[in-house]
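Participant: Chains as they are written, first to last, in my numbering: chain A, 221 to 530; chain B, 221 to 530; chain C, 221 to 530; chain D, 221 to 530.
Quick caveat, the hints were computed from the structure, so don't treat them as lab data.
Given the structure is predicted, the values throughout are model-derived calculations rather than measurements.
Treat the hints with caution; some may be incorrect.
Repeated chains share a single entry, so a pair holds when one copy, or any two copies, can fit it.
Said to hold, decoys possible - Mimicking EDC-like on lysine to aspartate or glutamate, the simulated pairs with C-alpha atoms at most 20 Å apart in a straight line are:
hint : residue 1 : residue 2
1    : 383       : 353
2    : 508       : 329
3    : 508       : 236
4    : 508       : 467
5    : 354       : 329
Protein chains: 4
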Amino acid sequence: MMTALDSPPLNLVLDDIVRSHRPQSEAGSVPASIPHLSSPAFNRFGIAVATTSGDVFSSGDADLPFSIQSISKVFTLAMALSAGEPSALWSRVLREPSGTSFNSLVQLEVEHGIPRNPFINSGALVVTDHLMEKSADAAGHVLRFLADQVGGPGPFIDEMAAKSELANSSRNLALAHFLKDFGNLHRPAQAVVENYVRQCSIMMTCVETAKAGLFLAQGGRGAQGTVVSPSEAKRIGSIMLTCGMYDAAGEFAYRVGLPGKSGVGGGILVIVPGECSICVWSPRLDSKGNSLAGSAALADLSDRTGWSVF
Amino acid sequence: MMTALDSPPLNLVLDDIVRSHRPQSEAGSVPASIPHLSSPAFNRFGIAVATTSGDVFSSGDADLPFSIQSISKVFTLAMALSAGEPSALWSRVLREPSGTSFNSLVQLEVEHGIPRNPFINSGALVVTDHLMEKSADAAGHVLRFLADQVGGPGPFIDEMAAKSELANSSRNLALAHFLKDFGNLHRPAQAVVENYVRQCSIMMTCVETAKAGLFLAQGGRGAQGTVVSPSEAKRIGSIMLTCGMYDAAGEFAYRVGLPGKSGVGGGILVIVPGECSICVWSPRLDSKGNSLAGSAALADLSDRTGWSVF
Amino acid sequence: MMTALDSPPLNLVLDDIVRSHRPQSEAGSVPASIPHLSSPAFNRFGIAVATTSGDVFSSGDADLPFSIQSISKVFTLAMALSAGEPSALWSRVLREPSGTSFNSLVQLEVEHGIPRNPFINSGALVVTDHLMEKSADAAGHVLRFLADQVGGPGPFIDEMAAKSELANSSRNLALAHFLKDFGNLHRPAQAVVENYVRQCSIMMTCVETAKAGLFLAQGGRGAQGTVVSPSEAKRIGSIMLTCGMYDAAGEFAYRVGLPGKSGVGGGILVIVPGECSICVWSPRLDSKGNSLAGSAALADLSDRTGWSVF
Amino acid sequence: MMTALDSPPLNLVLDDIVRSHRPQSEAGSVPASIPHLSSPAFNRFGIAVATTSGDVFSSGDADLPFSIQSISKVFTLAMALSAGEPSALWSRVLREPSGTSFNSLVQLEVEHGIPRNPFINSGALVVTDHLMEKSADAAGHVLRFLADQVGGPGPFIDEMAAKSELANSSRNLALAHFLKDFGNLHRPAQAVVENYVRQCSIMMTCVETAKAGLFLAQGGRGAQGTVVSPSEAKRIGSIMLTCGMYDAAGEFAYRVGLPGKSGVGGGILVIVPGECSICVWSPRLDSKGNSLAGSAALADLSDRTGWSVF
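Using the sequences and the hints given, assemble the complete structure.
Facilitator: What follows is the structure in structure tokens.
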């Protein structure tokens, strides 16, 4: 349960987290499949906390933009739900953990084209497709939302990176065509994958990402009003807890005990319901694709603050 | 987040829950594979809440014993962890959602004999095997623990039912021999399955089950002292949230937002960390094997009380 | 083994086969996924035998062109092998039965992008890709080969049908992109699928198809000289026997006992090594996708003539 | 097709085969899972041919008994078919290649307890179960048949080896219980596995094994009259060709082009329909579990004699 943090103050805690967890070596891996992410400085480490009372604390490289990658799936999902007809969306994608080293193609086959959840790639393609029905430029739509939340033009799409990723998107194209074969993609496969890749290529800082996720700690209420209903905010949180950390969701739920979503760019967004939104970033990944230093830092932070839903 | 419940008082809420959710028809199914569970009265419905402040509230058929079935996996896991060498146990079973309609045999194969989590049957067999290393009569050990928690001799093993289930245990025997083939079962397959089945055949009332689960809402502290460490209590809670409701864990996390564990006997145990332990029971099941009326009642209760971890 | 057929003469046998097996009702199915094949006259039935001694016998609708569909995979494979570097091709596709109701996407995943055999769609795409390295217009290349074998301009591509199939090729596009993701497709996915679909849309009569397949009964020697080596002809025959009839290869091997390749257009090409090449056609399919009347007719013909490799 | 072998005479060919293929080193593996097979002399090599004209040729270690292991599946299948109600048996086991590195447990699950063919372990258990309905001592029944075919008491069960294998039969016990769960095993799991293991532990020489298999080259007619009908003999041959060499059936069909069945004891039985039965034995195995030297020798023999069904 959430206990108020007595002492020391959060800014000192964050400074100490940075001191303790900033990588000292090149341990961990980088995503070989994404060219522009393959050579980050191993010792980058930033952390930011945006509280429901309006404060923002940060430390380390919290103002360096990084590629949010799959963290974008949280924002795209929120946009798709707020775009209307959520029940139509939920009939096209489940909310269950994927929970298996089997890749999503196998699961798509077994489950006849209905992705297990919105955070595996096939599910994110369906979510993007749903959003495109309202807004063909889905990536632009998500970007504008992020700018609104952070209160400025900070977030941007790294178009060079997006182009490079798009040229390496065979698996996502396969997924998209496969979804289409099952009748679960309405827009052209190529267009959906393009929007998906551009969303993944959004660059934000830790501070911006924490601010952007704050609506999930506030029952769906963002910087400029309601983003999603309290019920949908709760649903997104539960999906983050059960499906947000690739095949390490269970381990993360134990170690950190909070809803989180990671990206192969090394960022992790974590929600403390009612309290705050946290973003940590460090580029090197563990074997499951989650930030190595970031995961450890969040476990440490959870221990120090008592923040946990269990 | 947990909000204190203002009004009306909990006993009135529970009475109203019983009025609203007691089944009026034979909707739902019964577990065809378990003979003695195939003909319960469809309109049985009970609910009980045991609070960390020491109160117990209940309504409906909360004092009728029912077969706890897979709810026993929570208690056996706690016993196995408290029996010693938890790290040895965690090297033999993962903590990740199974998250797939593929049966556990397939997953065992793919993951080389390491079950995905302690709540799928293969995982529960490994947990039982671990407990048997300390206590060959694992089922008796669990039963004594339950009696200690409820403060009386209420819980008992329905030996006739156990015998009947044992005669229909081909799949569990297959799992046990398969685990043995992978070197992940130390005791004889037959003996492990017998203990497993006898644990599943434990009979308790809603009141007793809520009392027995209370240690999980109290950081591992039970009626007679520490059962498991706070850290292990948190871990059990996170496993319940991500893996406790068969293939509906994600849906339950959304609708109820609390760690839960269901059994095909129609019972569901739910934990509100720091607040209380809840048991609801109604025999008819939904397509995922969870109590139909029980699930609906818990969603309703969560809405009325604000109890949720998200 | 093959026994010489004493009496009656083959033309009478074929006439009787047509009398016995021409469908009297609409039993069986048509391939819903291929628009232009969805409404053939149910009672079409033709059969032709081209012998190694140079004779051609036929009966029924043996001169009506039909869509050869997957029978084309035999010819494309022969062309790809004769195009050079067979060992390079065999390093990209296995020769083992697919033998499972799991669709090829799952198998591709499990086997890391190496298709099980050249007759499943993924394998045929790799074969087409290999042929395209020599001849970008792979479909045209196959078509010219067929014209050479039948000694005239009979075979043609139904371009309208190809266009229609291409518009319904999401699964094949998914396979192609997936192969590309594994590095097992060299040409653009779209171009490979187009060639593949155009090969499937080749129209031939039973007489033409039997003539075109004769090289496989003659150790690789076709109408205008060597097509493939005796060793490769033997290999193609063994692949036809073990993998030629979708998931009914084993049953066909038993009932007919000869290497065969079927297509969802209702055609089946069968080889009697050293003796003859047979083509039967009737549009309605059994549950495995093989011509219902065609399979029965071939079993009957095998019984009457003693033709079998067992 | 089979061409008469002109020169040199078969006995000289076999001597040369032994000279060329007797292993010179410890290349290859031995079945780690079967204790008593784990340390054979690597340079054992024997070959024998029994012809339909009544001759027997042999060379090398053709008179040393070896463990026939899975070759027994051919004989058990013949006994089960001749025991009556073949259609009842064929409703419990398919005739299709298993064709996948997926182990049979997965396939059993996907196909609801119906094994793909009689030569995978699950299928062989069902076949044994069927035979036990006529003859509870199925292994003894098979042994007596073998003695009848070889005309003497040579074949015997290595009871020590059987006992040792039985103590390592967890996977087969898992399969048996799993089949029972699906209702596809009638006798007790333990008894079926015991008979299965004792059949696998039959010891025969190459000469005896070739003689014992001769009925399959003679349309089902054995040393003492009809064993199975010509139709069932043909069916067994087609199953051997498509499923007899584990996951190398396709490769073996190409290289050798004959129906064969291998065992992890290093033996391979091959049928040349109408001509002869061949047994080769050499203990070291390739990565698919087939005799390394034996497979090479059979390919060589097929090339020299022209024996092939393609």
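Participant: Would you list, in rising numerical order, the hints stated earlier that this structure does not obey?
Facilitator: 1, 3, 5
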